[in-house]
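Trainee: Read off the chains here:
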Amino acid sequence: GENVEQHPSTLSVQEGDSAVIKCTYSDSASNYFPWYKQELGKRPQLIIDIRSNVGEKKDQRIAVTLNKTAKHFSLHITETQPEDSAVYFCAASGAGSYQLTFGKGTKLSVIP
Amino acid sequence: GAVVSQHPSWVICKSGTSVKIECRSLDFQATTMFWYRQFPKQSLMLMATSNEGSKATYEQGVEKDKFLINHASLTLSTLTVTSAHPEDSSFYICSAIRILASEQFFGPGTRLTVL
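Sequences listed follow chains F and E, in order.
Position 107 of the first sequence, counting from 1, maps to 107 under this note's numbering, and the rest follow consecutively.
In this note's numbering, each residue carries its 1-based index in the second sequence increased by 112.
Accuracy of the hints is not assured; some may be wrong.
[What the hints assert, rightly or not] Derived lysine-lysine pairs resembling DSS-like cross-links, with alpha carbons at most 27 Å apart:
| # | chain 1 | residue 1 | chain 2 | residue 2 |
| --- | --- | --- | --- | --- |
| 1 | F | 37 | F | 71 |
| 2 | E | 178 | F | 104 |
| 3 | F | 71 | F | 107 |
| 4 | F | 22 | F | 37 |
| 5 | F | 68 | F | 107 |
| 6 | F | 37 | E | 153 |
| 7 | F | 71 | F | 22 |
| 8 | F | 57 | F | 107 |
| 9 | E | 176 | E | 132 |
| 10 | F | 104 | E | 176 |
| 11 | F | 71 | F | 58 |
| 12 | F | 68 | F | 57 |
| 13 | E | 153 | F | 104 |
| 14 | F | 58 | F | 107 |
| 15 | E | 176 | E | 153 |
| 16 | F | 57 | E | 178 |
| 17 | F | 57 | F | 42 |
| 18 | F | 57 | F | 71 |
| 19 | E | 126 | F | 104 |
| 20 | F | 37 | F | 57 |
| 21 | E | 153 | F | 107 |
| 22 | F | 22 | F | 42 |
| 23 | E | 153 | F | 22 |
| 24 | E | 176 | F | 22 |
| 25 | E | 153 | E | 126 |
| 26 | E | 178 | F | 42 |
| 27 | F | 37 | F | 104 |
| 28 | F | 104 | F | 57 |
| 29 | F | 58 | F | 42 |
| 30 | E | 132 | E | 153 |
Think of the hints as simulated: they come from the structure by calculation, not from any bench.
Please build the complete structure, drawing on both the sequences and the hints.
Mentor: Okay, structure coming up:
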């Protein structure tokens, strides 16, 4: 089955700096890669996603890049703000399956 | 956007009792719903995939006789934790997929505490 590795597990940045979180996946058939933000005790919220036919996608301060050859994808958050502090999860799902395999999460702390 | 609700949002029960959690898609039809379990400071672990009108598919290591799933309609799936024990205490989250779409919409979660 699919295996998703996520790094780092914790990340602290100064407000205004950029944050980068990286994930690798094992199943070359995976074709959908969403990123979720989860605040304590709440549901995961989709913040951005990318499909295998696209190499990069951007939405305001958030961007995701995908390297299919290397089987890794990354989340980039620019101009970080204290409200960006949360746990971020990457995930992957394969062709013909809607099941998501999640990474272990990254706790992002943005220091004012 | 699509809305998924869960009920109850939290429950405390005694060891040995059963607890039912409902997951509803409020404004769309969901052919598939997923049930996840999340322990503190850990990731979401898929427990089972629930398809309307058919038996749920359980992930390896998840006891199907302990975690009963019923997907009775295109808008409702239920998870029953039977004979709950303290180690079943966790945050249970469901998600639903809209027909012909791949994005999963998550419910708000149910925090189960077994005493």
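Trainee: Please flag the earlier hints that this structure goes against, numbers listed from lowest up.
Mentor: Structure breaks hints 16, 19, 24.
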